[in-house]
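Asker: Protein chains in written order, with my numbering: chain P, 1276 to 1476; chain B, 29 to 176.
Not one of these hints is a red herring.
Computed list of lysine-lysine pairs in DSS-like fashion (alpha-carbon distance at most 30 Å, straight line): (1) P/K1403 to B/K119; (2) P/K1356 to P/K1298; (3) P/K1444 to B/K118.
What the hints contain is simulated information worked out from the structure, not anything from laboratory work.
These are the residues of each chain, in order.
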Amino acid sequence: MKIRMMNMLPFLSDKELEELIKKVQESETGDFQGISLGCVAPFLEKERVNTLFLAEIEKNGAFMALAPFVSDSLWPAIVEKYLAGNLKINLDPLIPFMDNGMIDVLYAKVCDGALTSLDLRSILPFVKEDKVAEQFLARLQNRQEVTPFLPFVPESCLHHLAEEYCGGKSEIEIDKLYPFMSEADIRMIFHYAMKETEAKQ
Amino acid sequence: MLDFMAIGNKIRELRVEHHFSQDQIAEMLYVSRQAVSRWELGQTLPSVDNLIELSTLFHLPFEEILCMNKVVTIDPSDLFLGHDRMFVIKKILDGSLKVHLPDVFYRFSNAERMIVLKAIENGTYQTDNNRLWVKLMPEEQKYLQKKG
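If we strip away everything but chain B, and leave its shape as in the complex, we get (with noise of 0.2 Å):
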């Protein structure tokens, strides 16, 4: 999965280096502003012909605008700061981004609390549970129990 809102930002970042507007860009690929702020702001990215057309836009490979090739950085004090929140999971919970579960799992919401908890009952993810334990609320805990 890729990370809508680094592309984003990588996008935004890319378009004023080369001195463009949003209008211009709009303009150039035959799409709306709209569209454009849209991918600027993390909520969609640009078709695969608009991706071509940037990269060749920008002189850059369409990975490099797709962040591929970028280590995911993340910021301890902010979690999802600059980033998806579902990318932020999915690359937790494939073992891509370390982090110490028991110390974040408070800035998850209750959803993604509960997506977590589900992997870590599959067995698909590990983590330290006994320091996991006391920060879960009763339910939480008892899901596991229960499901365990």
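So here's chain P without its partners, still in its complex pose (with noise of 0.2 Å):
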């Protein structure tokens, strides 16, 4: 009779479990009789997948898959060594799990222009709507691209816009932000530039 190996995993001991571990690690294509290191994780201590994640991490191996079993507490260690430059891995896949501390981090640093190996379209999706708010206006005010910006701009910022180009604002670029507004704003922005063009004539 052929026994499963992934049936047997919450039977094994820790002693077992590491055997496993070593065996997966050994293993060229990263899993062993249908096991990696992702079907592992559950049935570790919080430690362990710590300390197996950084080892992976450090290699730049199968770290994707314990990402979800990290402990909150790793995520500065592991950011402050990517920002020093000690972490040759892909971050971007990693952001979802981080708590919003970390993300507001790396999401400062990626504006400012301190870090550019991290894409700032993989981080704006998981950054809250205030912040995206707060550098989408400070970008606008200093005439810098917000495009990336545009799709998470809360309606409501963008209403204010709005309303400030209809009050005569006239130096807001509205071409590039009604396509991101309200329905309601599009209409109000069309029918006070229809207005202007019509005073014109």
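Work from the hints to combine the two standalone chains into their complex.
Answerer: Right, here's the structure in full:
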């Protein structure tokens, strides 16, 4: 009778789990009899998952499968190492697993231009709306590029700009902004612009 | 948010209907032919002034060119066909586009999946979680468990 290793996992001792981890790590494919590190992780102590994750991240191995099981307390050290340039990994897929504090740190660095290896577009969906709006407005004021922010800027923030534009603040780059506004704001802008055009004629 | 692709298709449709070439439109609106091409491909939208001119040229209200009065119809076999991907995701999340998420979730890119999961985790979007659960990748399941 063939026993599936997967079904045995909950019954393995710590020592047996360690042996299994070793076999998985030694395999070329990243799994042993259908078992990957991600399968073993739920049966390990938190501390063990953390050390395993750190080891995998150091060698740019199968760390992604372990990310959901990592303690929140581990992220600051990882982010610090990454920012110091000591980790040559793609951080993008790890972002959803980080807490808001860590995401804010990375977001601030990306916006400052201090961190260029992380794509702004991959972090923006996970940044709180108020932080997106804050950065968006600052960039708008400094006439910097705002396109990547637009799908994530809260409508209330864009509404405020629509009102300002219709109040005569013509320096607002409305052509860039209107596609992301609410339908009510778009109507308001076009009615205003049509009146302006008529007045000019 | 506007549907860039639907608007692009509408502009092309109107141009052809009125027997204009892209060059002619470009000349009339003082823009490049490439700009007109980008509008039609749904890559960009005309400026407010250009849209007002298009509206006069095609004798149509701007709302119609911007597909604002149109009920968004989605091809269930290809959710994003003829639409801007972000537009579809936003419509699903704000509830104005009803889909059975577990049935279409596989069509989303990894980043789009995470945007939807974030909305579920925040409680701003509700779906049949039990049906969705089995369609998730292990790390996505853990994401919901951890955040939840």
